[in-house]
Structures are given as C-alpha cells and as structure tokens.
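Note that the protein sequences, when read in sequence, are chains A and B.
Per this note's numbering, the first sequence starts with residue 1, numbered consecutively.
Per this note's numbering, the second sequence starts with residue 1, numbered consecutively.
Careful, some of the hints might be misleading.
Unchecked claim - Some chain A residues well away from chain B (every beta-carbon gap over 10 Å; in silico):
(1) Ser10
(2) Gly19
(3) Cys30
(4) Gln35
(5) Pro39
(6) Cys42
(7) Glu52
(8) Tyr82
(9) Leu84
(10) Ile95
(11) Cys102
(12) Val120
(13) Glu134
To be verified - Label-pair restraints from in silico Cβ distances:
(14) B:Lys232 - A:Pro81: 54 to 64 Å
(15) A:Thr46 - B:Arg270: 23 to 33 Å
(16) A:Ser112 - B:Gly363: 52 to 62 Å
(17) B:Lys232 - A:Glu12: 33 to 43 Å
(18) A:Pro15 - B:Ser23: 45 to 55 Å
(19) A:Leu49 - B:Pro58: 50 to 60 Å
(20) A:Glu78 - B:Ser191: 46 to 56 Å
Said to hold, decoys possible - What the simulated footprint calls covered on chain B by chain A, stretch by stretch (three residues with Cβ under 8 Å from a Cβ of chain A suffice, anywhere in the stretch; the number is not a length):
(21) 133-146
(22) 303-312
(23) 368-381
Quick caveat, the hints were computed from the structure, so don't treat them as lab data.
Even for Gly, the Cβ is constructed at its ideal location relative to N, Cα and C.
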Amino acid sequence: MVGFHAPTPSLETAPFWEGVSRRELLVPFCPNCNQWFWPPSCSCVTCRLAAELRAVNGRGKITAYTIVHRPPTKTSGEVPPYILGFVELDVGVRIFSTLIGCSPNPLRIGQSVMVDFIEVEGSDMFLPAFKPIET
Amino acid sequence: MKQDDVTITGIAEFPQGKSAWPSTMAFQEKLVLTALEDAGLSLSDVDVLFTVEPRSDPYLIHALALAERLKISPEYCWSYNSGGCVPMTMLDAAHGLLQAGRARNAVIVVADLPLTSVSRDKYVSHLAHAGPIHPEFEAPYDPPVPAMFALIANAYLQRYGLDRNALAEVALHNRRMAAKHPNAHMKKPMSRDDYLVSRPIAEPLHLLDCAPVSDGGGAIVLSRRPHSTNSKHRRIKLFGSGFSMSHMHLSSSGDLTEFSGGAALKRALRAANLEINAIDLALIYDCFTIAMLVNLEDMGFAKRGAASHAFSDGEFALDGSVPINPHGGLLSHGHPARAGGMGNLIEAVVQLRGDAGDRQVKGCAFALAHGMGGVFASHAASILGRLD
C-alpha cells in the first residue's frame with residue numbers, strides 16, 4: 001500500500017517478521033506465566049524469563065479505528081485515505097494495524113476481523129493487515 | 001527556611017504563531033532577559049538554567065549552548081525531556097533545588113520555533129517518526145500523530161454515544177477564549193459550521209480538532225528570598241507537583257478512554273494539602289480536542305462522558321464553576337512543538353498575579369497547570385497559588 005514502510009527488525013524481533021513473511025502471525029507467549037503479551041520481546045513482561053513466539057489464529061475484533069486523510073510522509077501524488085486501527089486478538093493482546101477490504105462493509109468497533117498480509121511496495125517485506133469477516 | 005521562601009518572580013511570553021526571530025537562540029536570549037527584568041534580577045543572579053532541547057535547535061545538551069550564548073556559567077545547567085510535561089517537570093526540579101537551599105535564582109526556558117526553522121511538512125513527518133509511535137510495530141503503517149488521538153476519539157465517542165459536536169465544544173471554547181489574549185496564535189472567530197466543515201485529517205478528527213504548529217513558549221524565573229526583593233509582582237508559589245505515567249505506546253495502554261491524569265492531580269493535591277474544589281482555574285493540556293475531554297474526566301472535573309455537556313452548560317466559562325483555559329489552550333493560544341504546555345504555566349502565573357485583563361478569573365487563588373507527554377502517556381500537574 002502507498003506510504004507504508006518496511007520495518008527494520010532487530011535481532012530480537014527478526015523471528016516475528018520471518019513469521020510474517022511466511023504469512024504467520026506470531027505473538028509472544030510466556031510458558032511460565034501462561035500469558036500472551038505485545039509487542040514482541042525475548043523476555044516475559046511479568047517474570048522476565050525467556051518468552052517464545054507462538055502462531056495464533058489471526059482472529060480478533062476492532063477496538064478503535066481512524067480514516068487517515070493526511071499521511072505524515074509526503075509522497076508524489078495523492079494518497080487515497082487509508083484505515084488504521086487497534087485490533088484485539090482472540091488471545092487478548094491489542095495490536096496496531098491497517099484495516100483492509102472494509103468497503104462497502106460499514107466499519108464498527110467490535111467488528112470481527114482476520115489477519116492478512118500485505119506487501120510493502122519496493123521491498124520484500126510484508127506487514128500484517130486485518131480484514132472484516134462474518135461471524 | 002520558611003515554606004514560602006521560594007516563589008515565581010518573573011515570566012516572559014511573546015505572541016505565539018509565526019515569529020520574526022532570526023534564530024531560536026536569539027528568541028530564547030530575549031525570553032531570559034525579559035523574564036529576569038520582570039523579576040528585577042540580572043544575568044549574574046542566575047545559578048540554575050534549565051531548558052528543553054527545541055526541535056528547531058538540536059543540541060545534545062542545549063542548556064549549555066544557551067548559557068554560552070548568555071555568557072553565564074550557572075552551577076545547574078541542564079536540559080530536560082518529558083514531552084508536554086516538561087514545563088512542570090522543570091519547574092518542580094528548579095523549585096526543589098531552591099527549596100533545598102542549593103541555589104538562589106532559577107530560569108527555566110521552554111521555547112521553540114518550529115514554524116520558522118523547519119517546513120510544516122517536515123515537522124509533521126518528524127513528529128510521526130520521532131514521536132510517541134512505536135518505530136517497528138506502528139510506524140510502518142504511516143500514522144500521523146493525529147491518527148493516534150483519533151483512535152481515542154473514535155473509542156470515546158462510540159463509548160458514550162456522542163458525535164463530533166462533543167469535540168466541537170472544546171474547539172469553540174478555546175477559540176472564544178483566545179480572542180481575549182494578546183499573545184494567542186489563533187484568534188479568528190470560529191463558528192460551529194467552520195468546525196464541522198474543516199477538512200478531515202484522521203477521522204473523526206478534522207483540522208480544527210488539532211492544535212496549530214506555533215512558534216512560541218516562554219521563560220519563568222524562580223527565586224529564593226531574600227534574593228527576590230526587586231520583583232514588583234504578587235508572589236506566586238508552587239504549592240505542589242504531581243506526575244504519572246502509564247505507557248509509551250498506545251498499543252500497551254490499558255483502557256482507551258481512561259488514562260492517568262487523575263493520578264498526577266491527586267499527587268499534586270496531596271503535596272499541596274488541598275482538595276480539588278480549591279482549584280479556581282484549570283489550564284488543561286489540549287493538543288487535540290479529544291485530549292481535553294478525556295483529561296477533564298480523568299482528573300474529576302467532569303463525570304465520565306459528560307465533559308462536552310459541561311462545556312455547553314457553561315461550567316468551564318470564565319464565570320463558571322471551574323474556568324478552563326482562558327488563554328485559549330494549545331488549540332488556540334498555540335502549540336510550540338517541544339514547548340507545548342508552557343502557555344499553561346505562564347497563564348497560571350498571569351491569572352494569579354491578577355494581570356489577565358478582561359479574561360481575568362475573579363478571586364483566583366489557586367491554579368492548576370496540567371501537562372501531558374505522548375498520547376496520554378504521562379501527566380504532570382502543578383498547583384500554583386498566590387501568597388499575597
């Protein structure tokens with residue numbers, strides 16, 4: 001999508017982005033605390049022991065959204081409005097992403113969504129995105 | 001030493017908006033000299049100089065560059081960073097040094113020239129990429145800063161069954177107030193129609209929900225007696241400060257419509273040994289309309305979901321139960337980049353001195369100046385009051 005950038009993974013986060021490139025959404029999980037958290041890091045936010053990345057079903061619900069008309073990064077030509085929002089995954093973590101395929105479905109908080117993956121133009125990286133699904 | 005030994009003795013503020021200053025240093029030099037003159041002091045009296053690094057003049061240790069420019073060598077010469085909490089952070093830190101008897105006169109300079117020194121587009125882009133947005137998990141989606149506040153507005157309006165007319169109350173209130181302030185950036189009258197038809201930036205926020213990019217800021221002098229005897233003003237004292245934080249990135253915050261402004265205010269009230277109803281005037285950090293509504297509710301000045309109704313009922317007008325932002329807030333007085341929130345502190349002092357002219361809050365004995373860092377990430381509350 002126009003205007004989106006490729007992330008710059010660190011050694012700590014590279015496994016997450018490798019998952020994205022395999023079209024897998026991985027979420028950090030602590031087996032010691034039996035807890036999911038966000039964003040990806042190698043240590044548990046609670047007990048500080050090693051966390052692992054686990055694949056999730058990619059389903060969640062929209063908790064807030066915005067239609068962006070004025071991107072911060074100037075590109076040549078007009079950028080059509082794009083939708084950004086928070087999705088609360090079924091495992092209980094809130095992630096920031098873009099919402100796609102929402103038209104003509106009316107957007108609403110609480111709408112069920114499913115992960116998809118979009119290619120960043122001019123790079124070989126992908127980003128997670130979410131699209132509405134029937135429930 | 002007596003409790004009232006440290007007071008605010010000088011202030012300086014010039015018109016906010018597009019400025020004609022040749023450089024940020026020249027602007028800050030004039031602010032320091034003006035604030036010292038207001039306090040009846042001179043440069044040689046300064047032993048504390050605190051600054052925030054302006055976006056328009058990036059130094060690793062900006063305070064040293066300003067001291068060098070002023071040809072002074074203050075013992076405590078430090079720059080601070082706590083986002084929109086920084087004016088209150090610096091005031092509290094300077095007050096602590098003076099109260100402890102370690103220094104006599106402190107100057108805090110919170111001023112920036114984002115309009116003059118960088119293009120608006122470059123500034124907006126810079127904010128998005130060095131601001132409160134996660135560089136790896138949020139920034140790739142290219143959210144402008146207004147989008148993060150728009151998410152809160154979306155959740156808030158939905159939760160309480162409100163529409164953009166609720167946000168309009170804040171924009172209209174601030175613009176009406178700014179009309180009476182000689183230094184305000186945005187004074188052109190705004191109608192509800194003007195508000196509603198302004199172009200969308202990140203829905204539900206439109207242009208008139210966003211604070212302008214302004215050149216501006218100010219300086220404040222704090223003095224420990226007997227070194228403050230030349231000040232011709234009422235003595236204003238910092239009665240208590242309170243701070244709080246809950247997150248850096250919104251993804252990691254708790255509820256999307258309730259944050260920690262209330263905790264900061266509670267701590268400040270405890271330090272001042274006051275109840276909330278002692279506050280005669282509240283200067284609330286409102287970089288976006290939604291920030292005002294949520295912050296007022298978090299701090300207990302309005303019931304949940306009811307802050308916009310309190311505006312339309314006149315509770316926050318000059319003659320209301322708690323006057324809010326008689327200077328016009330960040331939304332209309334101005335938002336000078338890293339110096340956002342300094343206008344709140346300056347207005348608190350002006351009002352407590354009784355120097356606010358036709359926007360004067362009658363009988364103003366205690367004022368709250370609130371600051372906010374990031375997207376509701378951190379909060380600062382300074383409770384100022386007059387001694388005379």
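We went through each hint and held it up to the structure:
1. Listed as a non-interface residue, Ser10 (chain A) fails to keep its Cβ farther than 10 Å from every Cβ of chain B; the least gap is roughly 8 Å.
2. Listed as a non-interface residue, Gly19 (chain A) keeps its Cβ farther than 10 Å from every Cβ of chain B; the least gap is roughly 13 Å.
3. Consistency note on Cys30 (chain A): stated as away from chain B, and its beta-carbon is indeed over 10 Å from all of that chain's, at 16 Å minimum.
4. Gln35 (chain A), annotated as away from the interface, keeps every beta carbon of chain B farther than 10 Å; the closest lies near 14 Å.
5. Not every CB of chain B lies more than 10 Å from the CB of Pro39 (chain A), the least distance being 5 Å, so the non-interface label is violated.
6. No Cβ of chain B approaches the Cβ of Cys42 (chain A) within 10 Å, the least distance being about 14 Å, so the stated non-interface status holds.
7. Separation of Glu52 (chain A) from chain B is adequate, the least Cβ-Cβ distance of about 18 Å exceeding the 10 Å criterion.
8. Distance to chain B contradicts Tyr82 (chain A) as a non-interface residue, since its nearest Cβ pair spans about 8 Å, not more than 10 Å.
9. Against chain B, the non-interface label of Leu84 (chain A) is violated: not every CB pair exceeds 10 Å, the least being about 5 Å.
10. A Cβ of chain B approaches the Cβ of Ile95 (chain A) within 10 Å, the least distance being about 6 Å, so the stated non-interface status is violated.
11. Separation of Cys102 (chain A) from chain B is adequate, the least Cβ-Cβ distance of about 13 Å exceeding the 10 Å criterion.
12. Chain B draws Val120 (chain A) into its interface by the beta-carbon criterion, the shortest separation being 7 Å against a cut-off of 10 Å.
13. Chain B leaves Glu134 (chain A) outside its interface by the beta-carbon criterion, the shortest separation being 21 Å against a cut-off of 10 Å.
14. A beta carbon spacing of about 55 Å between Lys232 (chain B) and Pro81 (chain A) agrees with the range 54 to 64 Å that was offered as a hint.
15. Taking 23 to 33 Å as the suggested C-beta distance range, the pair Thr46 (chain A) and Arg270 (chain B) conforms, at roughly 30 Å.
16. Between Ser112 (chain A) and Gly363 (chain B) the beta carbon distance is about 55 Å. The supplied range of 52 to 62 Å therefore holds.
17. As the Cβ distance of Lys232 (chain B) to Glu12 (chain A) is approximately 58 Å, the hint placing it in 33 to 43 Å is violated.
18. With their beta carbons about 48 Å apart, Pro15 (chain A) and Ser23 (chain B) fall inside the hinted range of 45 to 55 Å.
19. Leu49 (chain A) and Pro58 (chain B) have their C-beta atoms about 40 Å apart, which leaves the hinted 50 to 60 Å range violated.
20. For Glu78 (chain A) and Ser191 (chain B), the Cβ-Cβ distance of about 29 Å falls outside the hinted range of 46 to 56 Å, so the restraint is violated.
21. Residue count for the stretch 133-146 of chain B with a Cβ under 8 Å from a Cβ of chain A: 13. That meets the three needed, and the coverage hint holds.
22. Three residues within the 8 Å Cβ limit are the bar, and the stretch 303-312 of chain B against chain A gives 0, so the coverage statement is violated.
23. Here the stretch 368-381 of chain B counts 0 residues with a CB under 8 Å from a CB of chain A, which misses the bar of 3, and the coverage is violated.
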